[in-house]
Amino acid sequence: MVVVVSLLVLGALLLNHLARAEPRYAGFNSVRPTVPVVELGRNDRVCQSTLLPGDTAEIEYVVATLGRPGPPVAVSLSTPEGELIARGRLEGGYGDGRMAVPLDRPIRESRATVRACLRSTASVPLQLVGVPAPNGGIDFNGEPQPQLLTLAFRRPGAEATFEFLGTIAHRFGIVKTTIAGGWTLWAVVALFAFSSAIALRLVLRRDFGEERA
Amino acid sequence: MSATAVRPGHAARLGRRLAGGVRRSPRTTRRAVRRVPRAGWLCALVAVLNGLVWSVSLPPLQSFDETLHVYYAQYLAETSRTPRPIDRTVISDEEHTVVLGVKLFDVVGNADGRPPWTVIEDDQLTAALAAGPSRVSEGGSGGVGYYPPGYYALGAVAYKLTPGGSILDRMAAMRLVSALLAGIAVLATFLFLRELLPRQPWTWTAGALTVALQPLFGFMSGVVNPDMGVIAAAAVCFWLLARAFRRGLSAALAVAIGLAAAAGVLAKLAMVGLIPGVALGGLLLAARDGRWRPLLAGAGTFAGLMVLYALANLTYWNRPALPFGGGAAPDAGTATGTTGNWREALVYIWQDFLPRLPFMQDKFADFPLWDRWILGWTGRFGWGDYGFPEWVGVAVTATFVALLAAAVARAVGDRPALRGRWREALTYLAMAFGLLGLLAYTGYTYTRATGNGFEQGRYLLPLMPLFALVVAAGLRALGRVGPAAAALLVVACVGWSGWALLLTVERFYT
Numbered sequence: 000m001v002v003v004v005s006l007l008v009l010g011a012l013l014l015n016h017l018a019r020a021e022p023r024y025a026g027f028n029s030v031r032p033t034v035p036v037v038e039l040g041r042n043d044r045v046c047q048s049t050l051l052p053g054d055t056a057e058i059e060y061v062v063a064t065l066g067r068p069g070p071p072v073a074v075s076l077s078t079p080e081g082e083l084i085a086r087g088r089l090e091g092g093y094g095d096g097r098m099a100v101p102l103d104r105p106i107r108e109s110r111a112t113v114r115a116c117l118r119s120t121a122s123v124p125l126q127l128v129g130v131p132a133p134n135g136g137i138d139f140n141g142e143p144q145p146q147l148l149t150l151a152f153r154r155p156g157a158e159a160t161f162e163f164l165g166t167i168a169h170r171f172g173i174v175k176t177t178i179a180g181g182w183t184l185w186a187v188v189a190l191f192a193f194s195s196a197i198a199l200r201l202v203l204r205r206d207f208g209e210e211r212a
Numbered sequence: 000m001s002a003t004a005v006r007p008g009h010a011a012r013l014g015r016r017l018a019g020g021v022r023r024s025p026r027t028t029r030r031a032v033r034r035v036p037r038a039g040w041l042c043a044l045v046a047v048l049n050g051l052v053w054s055v056s057l058p059p060l061q062s063f064d065e066t067l068h069v070y071y072a073q074y075l076a077e078t079s080r081t082p083r084p085i086d087r088t089v090i091s092d093e094e095h096t097v098v099l100g101v102k103l104f105d106v107v108g109n110a111d112g113r114p115p116w117t118v119i120e121d122d123q124l125t126a127a128l129a130a131g132p133s134r135v136s137e138g139g140s141g142g143v144g145y146y147p148p149g150y151y152a153l154g155a156v157a158y159k160l161t162p163g164g165s166i167l168d169r170m171a172a173m174r175l176v177s178a179l180l181a182g183i184a185v186l187a188t189f190l191f192l193r194e195l196l197p198r199q200p201w202t203w204t205a206g207a208l209t210v211a212l213q214p215l216f217g218f219m220s221g222v223v224n225p226d227m228g229v230i231a232a233a234a235v236c237f238w239l240l241a242r243a244f245r246r247g248l249s250a251a252l253a254v255a256i257g258l259a260a261a262a263g264v265l266a267k268l269a270m271v272g273l274i275p276g277v278a279l280g281g282l283l284l285a286a287r288d289g290r291w292r293p294l295l296a297g298a299g300t301f302a303g304l305m306v307l308y309a310l311a312n313l314t315y316w317n318r319p320a321l322p323f324g325g326g327a328a329p330d331a332g333t334a335t336g337t338t339g340n341w342r343e344a345l346v347y348i349w350q351d352f353l354p355r356l357p358f359m360q361d362k363f364a365d366f367p368l369w370d371r372w373i374l375g376w377t378g379r380f381g382w383g384d385y386g387f388p389e390w391v392g393v394a395v396t397a398t399f400v401a402l403l404a405a406a407v408a409r410a411v412g413d414r415p416a417l418r419g420r421w422r423e424a425l426t427y428l429a430m431a432f433g434l435l436g437l438l439a440y441t442g443y444t445y446t447r448a449t450g451n452g453f454e455q456g457r458y459l460l461p462l463m464p465l466f467a468l469v470v471a472a473g474l475r476a477l478g479r480v481g482p483a484a485a486a487l488l489v490v491a492c493v494g495w496s497g498w499a500l501l502l503t504v505e506r507f508y509t
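Residue numbers (numbering that gives the first Met the number 0), protein chains in the order written: chain A, 0 to 212; chain B, 0 to 509.
Pulled out of the complex, with its shape left as it was, chain A reads as follows (with noise of 0.2 Å):
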């Protein structure tokens, strides 16, 4: 009965968890939000590469304001040839740490390589957080910096993990073994459940806790 009971209270923290809606991600350049390291005033540029997954609706900066209110900002995602892809626009106003900038349209596929360029509209100050990149690769109103920025990409709305399975799976199944795949999470839900099972049948038998004489 205790087991049972506590098996019921196990499986209610999981599903209340995993029917919690938030907001999720499309995608990271991993980029380690580590210095800021690009100030933007008043129609200064910052462009940098990156690679745009699929199911992206807001790209994601990590910004310090210094204390005052962040100007407004547009963004435009093009491809290498210039060709544009989407854009957005972000009123002022926010504050110290991440700035989403809801995009004009949303991204269906995953694009290698696209251009994104953030443009300040104000002349209140901005600093972009990212990394020193000997090699790297923004440049600055036309000009090359050895510089990364962090950036992120977020899915559209608030998602619940339920809702969000099928993506998760797809990623378990990336940059593993070469079968690998989209079901290789469900393959692995299976197995500890399985190994689960077997322990609490070991523990649920009905002469355990019996002894020797």
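FYI, nobody ran anything at the bench for these hints, they're computed from the structure.
Glycine included, every Cβ here is placed at the ideal spot set by N, Cα and C.
Incorrect hints may have been included.
Unchecked claim - Partial list, derived from the structure: chain A residues whose beta carbon lies under 8 Å from chain B:
1) VAL2
2) THR120
3) THR149
4) LEU203
Starting from the structure of chain A, add chain B where the hints point.
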């Protein structure tokens, strides 16, 4: 411990009688193996399956120093040689391609870092590997130039047996070696408990399952790391010694103990910390039974294998005969002048596990026993960059202390029965303190040489059989509610383990 303990007055005679009874030990041992209860095999299966689950759940190379361990196994598989303590290139171009392809060092320690999620990146890595980067480096140290090859030899076998030649497949196969070793460790823990608590079979299962489901143990079971070799060898040593204390030290048992101890040392030098305790156990057994030949056979086996290893180092692998290095990267404590002084070392060792005394210089900014050893042991994963909230450590520690208190209270009541087991208790304590002492001293030399912290909870995993013993003895001490408490504990461990996997999914895939 068991009420069937050898009473002091009869210990020597009983020991001799038992030892005589196991002269036909090969057959007896085989029969004993066949007599392993089904529950023991199932506990081992749980450990293997959990290791498999972890091995697939973690992205490639996302565990402590896995880059170096994969390097060693690959180098051994490709060249039949070990890395050497020399300043040459370390990981192969092929592995370096994987390191870049999985964005390893952009992810490690970076909350904003994730491994590749897109098919584009998967294809890019596949294409880069298809270009045929070299599989052999110059065999430099990288911190593992002093490491023995035992564990890596198993990894090399898995590497060679993997069809297709994909490095990602080979790395996955090497991780499975650790899962199998986890199965051995859990089975040995089960058998260890069977020797110590022979009248309560349910405690064997409960203790072994808490090991199999312990998240850090599961995590280590799913990655390429020689710690798993030490963990398995240590568990086998604990079991065989318990068997010897109960049944007498036969020559076969002594040889088996020597083999297990040597296998542990050949897996990773951390096993050296357990050897004084194992040797002490052998001496106490021989003295108790009045039979020294088995001890000589066991010691000879161990020494013989060490000599062979030393010769292989000197002749074939061109390394120092018995190389002793510190933790992974760089070779702590091996350079001249990095060993410090004894007074400083003792202060460090004290503070590694105990609160600083007023006259001591402060060696740590934190309290290592809690912040590094206990919280690390209760669950810190990847390259140590994610884990449970601190209250989990508090809950686990409180449960452990409660079980320990119950076990001690019961033991105090069983004093007459336990009095004859002092040799055995002393042996296990010597093994535990030997390992802790070695870890603390290695931490001292490592920190002195590199300025980095050394202590990680995973280094305590060779003592898992003692953890299981506390759990099992504590549950037994609870009397009639013991089995229900055991079942509850196993459910909690399933939840603990599942939560660790959920954290892993959230760390790398969301």
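Legend entry - Numbers of unmet hints, in rising order: 2
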